[in-house]
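K.L.:
Sequence:
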Amino acid sequence: MDNAFPVGKLEMEFLSDLLLRYTGTDDRVAIGAKVGEDAAVVDFGDRYLVTKTNPITFATNDIGWYVVNVCVNNMVVRGVRPRWMLNCILLPEGQTSPEMVEDIFKQIHAASSEVGVIVIGGHTEVTSGLDRPIVVGHLLGELSKDRLVETSTAQVGDTLIVTKALGVEGTAIIASELSDDLANRGFSAELIERARQFLREPGISVYTEALVAADSKLVSAMTDATEGGLATALHEMAAAAGVGFLVKYEHVPLYPETQRICTEYDLDPFGLIASGMLIMTVPVANVDELCNKMRKEGVQCNVIGTVTDASEGVRLSREGKSRALPYFAADEFTKIV
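For the sequence shown, the numbering used here gives the first residue as 1, with consecutive numbering after it.
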């Protein structure tokens, strides 16, 4: 089909138009369907109910761990401690064993228990046409109204701050799923294992840092980088808030393992799936205090740029020259799978 979409996210303009025409709201929907907003928020009178759905389609070996942490990330950037989870688990025909199913359940239970989430339901089936498991997580939580943090409230003049580094999740997935290929390309077993462990160290969770930021009330807006990496997250945040960004290339952290893997496969780390990176916009006067709070929790924290006027777009400055930062509708990971 000539007009078929590639693997990855839909183009923002197309998706925005669909959301505008085919989703709804009422006087209890505080935040509804909108590109760039991480979770929906419903007014329950004395508190907000926050809810989010996310699929895991790339990873297989640790899919239960991924689904919990990716869903939790989208909740905690709202300032909410998630409470309840439901999962839709779709399993491949002819490949599904009792051991596989139990392993996914065990992973979900272990990961959710670490962050105080209770699995309360869902759906599980063997599905024709799949070549790997797919898990779709749905998470719910509640919070007092004065704690809500949004994506769309970034302000021109704010400082742009991130935690951890580019492509943490992508590094872990590639090292796990393509370990044999990496070894054949000359990567040492030690490097492959370090990269694979990025799943847990530095980790794809932003639970600690997002709640530290929310509790501090020092941030103006938050989101997390996922599919399409930091670049795509910034485009979506810019669209939600009606702002632009100027990012300084030299200030964006990149771990050596990620750099080497991206160089080997000719991937742009700015567009590599990046769960584990929290993105915050912070009033200038609050920057030092917030970064100090992060570092006390052992969280790497870097100032990488500024929030600009929407007319300036999302740009990357390198060695004094500025260019548009691409939007990666298809994650860089899709080039090698």
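It cannot be assumed that every hint is accurate.
What the hints assert, rightly or not - Straight line, CA to CA, 27 angstroms or less: simulated BS3-like cross-link-like pairs of lysine-lysine:
hint	residue 1	residue 2
1	K293	K335
2	K335	K9
3	K293	K217
4	K34	K145
5	K248	K145
6	K217	K335
7	K296	K248
In short, the hints are calculated from the structure, not lab data. From a predicted model like this one, the values you see are computed outputs, not experimental measurements.
K.L.:
Compare the structure with each hint and give your call.
P.N.:
A quick look at each hint next to the structure:
no.: 1; hint: K293 with K335; verdict: 38 angstroms, violated
no.: 2; hint: K335 with K9; verdict: 14 angstroms, holds
no.: 3; hint: K293 with K217; verdict: 12 angstroms, holds
no.: 4; hint: K34 with K145; verdict: 20 angstroms, holds
no.: 5; hint: K248 with K145; verdict: 35 angstroms, violated
no.: 6; hint: K217 with K335; verdict: 40 angstroms, violated
no.: 7; hint: K296 with K248; verdict: 25 angstroms, holds
Hint check: violations occur at hints 1, 5 and 6; the rest are consistent with the structure.
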